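Chemist: Next come the chains, spelled out residue by residue.
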Amino acid sequence: MTTVAGTRGAPGALVAVFALAVLVLALVYPLTAAGDPGVTVMRWQSGAIPILAWALLAFAAWRALAPTPHARFTLLLVLPCVAGAAMFATLPPATGAAPAASGFWLTLLATLALATITVQRFAALDGARIYRPLTAALFGLWVLFFWQVGVTAFEVPRVLLPAPSAIVASMLGQWDTLLRDFVQTVLKAVLVGWVVGSTLGFLVAVAIDRLPFLQRGLLPIASLTGTIPLVAVAPIMVMWFGFEWPSKAAVVVLMTFFPMLIATLAGLRAAGKLELELMHSYAAGYVRTLIDLRLPCALPFIMSALKVNATLALIGGIVAEFFGSPTVGLGFRISTEAARLNMPFVWGAIVVAAVSGSAAYALLVQLERRWAFWHPSVRSA
Amino acid sequence: MSERARRVVPVGVVLVGVVVLWYAGAVWLNAPGAIERVMTPKGPYGFADLVAATWSMERPVLPAPHQVAIDLWTSLVDWPLDSPRNLLFHAAVTAQSTIVGFVLGTLLGVALAGAIVHSRTLDRALLPWIVASQTVPVLAIAPIVLVILGSLGFSGIAPKAAIAMYLCFFPVTVAMVQGLRSPQRIDTELMHTYAATRMQAFWLLRLPAALPFLFPSLRVGVAAGLVGAMVAELPTGAQAGLGAKLLTGSYYGNTIGIWSALVMSALLGLVLVAAVSAAERIVLRQRRFG
Chain A
-1 MTTVAGTRGA PGALVAVFAL AVLVLALVYP LTAAGDPGVT VMRWQSGAIP ILAWALLAFA
59 AWRALAPTPH ARFTLLLVLP CVAGAAMFAT LPPATGAAPA ASGFWLTLLA TLALATITVQ
119 RFAALDGARI YRPLTAALFG LWVLFFWQVG VTAFEVPRVL LPAPSAIVAS MLGQWDTLLR
179 DFVQTVLKAV LVGWVVGSTL GFLVAVAIDR LPFLQRGLLP IASLTGTIPL VAVAPIMVMW
239 FGFEWPSKAA VVVLMTFFPM LIATLAGLRA AGKLELELMH SYAAGYVRTL IDLRLPCALP
299 FIMSALKVNA TLALIGGIVA EFFGSPTVGL GFRISTEAAR LNMPFVWGAI VVAAVSGSAA
359 YALLVQLERR WAFWHPSVRS A
Chain B
4 MSERARRVVP VGVVLVGVVV LWYAGAVWLN APGAIERVMT PKGPYGFADL VAATWSMERP
64 VLPAPHQVAI DLWTSLVDWP LDSPRNLLFH AAVTAQSTIV GFVLGTLLGV ALAGAIVHSR
124 TLDRALLPWI VASQTVPVLA IAPIVLVILG SLGFSGIAPK AAIAMYLCFF PVTVAMVQGL
184 RSPQRIDTEL MHTYAATRMQ AFWLLRLPAA LPFLFPSLRV GVAAGLVGAM VAELPTGAQA
244 GLGAKLLTGS YYGNTIGIWS ALVMSALLGL VLVAAVSAAE RIVLRQRRFG
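Line by line, the protein sequences give chains A and B.
As numbered in the numbering used here, residues -1 to 379 make up the first sequence, in order.
As numbered in the numbering used here, residues 4 to 293 make up the second sequence, in order.
So here's chain A without its partners, still in its complex pose (with noise of 0.2 Å):
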């Protein structure tokens, strides 16, 4: 590693130096501008609030002077800075009820700095697992926090980018159009579609298992369609099964076909030498061997394509939905409320399909877990 001579451990103990300096320089100015006349300026000591949050933005850069080589010394950190993020967050100037000032906008620069800090020392831990995860949230977390007071304090029109408690209100708001929307696409178009294609790629690949002349012949078919965008046949299967989900789950058949075949043929041939001779040595004949010998080594590879699928899917749902659908679902929603420029709500469509896309592989992998726990790949995990 590279550190400045002298300067062992404390990483960022400059920028730590910066943000106690704008901190303190903060204190001067005040946190809100004076607006229209008989407003008040709101100072520091205007309230226990934003003099409570300073304090802990303070104690925080104080802290990270030093270095933070245990994870209780970070906590120490990490804790009191975003406590006190947390609170600056709810000051006037941070909602938007008030314009902001010189002492805000520096605040706002220590935090940033501050953040930097924080995610480099939690980065740096080393122990516990739960410390990655841990990071990444914490980084999410910031990531939150100067979207929402980013846009608000810097008033970033909302068709660019709204805040994410404008994404969070629209939601809220106009929940039961939204779980409609999820009903339609992703519990009718997209699992359906899913459960079939996938069904369908296993028992094309299983009842070709024993004609390696077609196996020879679709395989690299298969595995061209890959290249092509088969989200474009959406206007035709419109065409074929109209308007409503039914033509959005062809097309999610359509893409999801096509992995699963090539990968559960794959999967029946990783059954070892070594155990395909023992059955035979049991006389067993194909049925059983399938059964007992192949479909269970070719489980991690049908998991794995059921979790490439389910990505899959509900990219070909929505986008399908693109191409023509009735006035509900996910991607109708998107496309046509972000021609209305309601890009609160478009957002919100994008966070139900997106918790949907990470639940759905979250559960997959879960339950591959559960059943193939004798891999490899799931034992090193």
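By construction, these hints were calculated from the structure, which means they are not laboratory data.
As the structure is a prediction and not an experimental result, all values here were calculated from the model.
Incorrect hints may appear among the rest.
[What the hints assert, rightly or not] Derived CB-CB ranges, DEER-like:
#, chain 1, residue 1, chain 2, residue 2, range
1, B, A118, A, G171, 36 to 42 Å
2, B, P219, A, A282, 34 to 40 Å
3, A, V157, B, A95, 27 to 33 Å
4, B, E6, A, L198, 30 to 36 Å
5, B, S185, A, R41, 42 to 48 Å
Cβ atoms here follow ideal geometry from the backbone N, Cα and C, with glycine treated the same way.
Starting from the structure of chain A, add chain B where the hints point.
Modeler: Showing chain B alone in chain A's frame:
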């Protein structure tokens, strides 16, 4: 059978089977429409007449392969390259934004991956989010990108390329991080004994070691970028591009037009991926020993 024939013949047989099924499907799907609109006015008809009619309808439910082929061919031959009737024109428009986005997304992904392998903070804080983004339909934010760039005054190729870019970016970053980390400890220690700097170790060891990881992700990225570029052409009311062509085809019920645009986009996807594969073979050629 020679090795080559062993590979080619089954594929050929399957393809012929697909075409035969396609023709049969065209008869089956188009027959009701053909009977209603073409045959009944003419009076009595035989099966051969019906089959011929289902393969030559103007707005079939499923156009026969030769109809699509003819439509594609006439659009390429009968119209000049800059005419919106020429599918190659639309393919070029889409390919342009795909390639621009692909190049930018790859550069960005490689740069970020390089930063991630050298920074523990980025590795712990940012990488999990990029990996998690693989499970999220990021293509869904395409309309948002269009609106944002539109309101900032960007138009034309920029919004489409931006969408293709961020779709390429995620898989490339994840694969490059994996690839840059692939050198064994013994290799990095050898670089250390040569007193190589971190930059030298990056250029001479890590980057070459990452290339086999990079190219598969580039194939994924360029295919995703093509989908992104086509989706980006949907809501803007774009006049040009394969996505716009598909949408106008579905507005006017021009089934043959939709199918030939579909075939064209499949061909474009194949060409783009083949180009990446060719680049891979050229770049990795020096690797082979003996």
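Chemist: Confirm or reject each hint.
Modeler: Status of each hint after checking the structure:
no.	hint	in the structure
1	A118/B - G171/A: 36 to 42 Å	40 Å, holds
2	P219/B - A282/A: 34 to 40 Å	37 Å, holds
3	V157/A - A95/B: 27 to 33 Å	32 Å, holds
4	E6/B - L198/A: 30 to 36 Å	32 Å, holds
5	S185/B - R41/A: 42 to 48 Å	57 Å, violated
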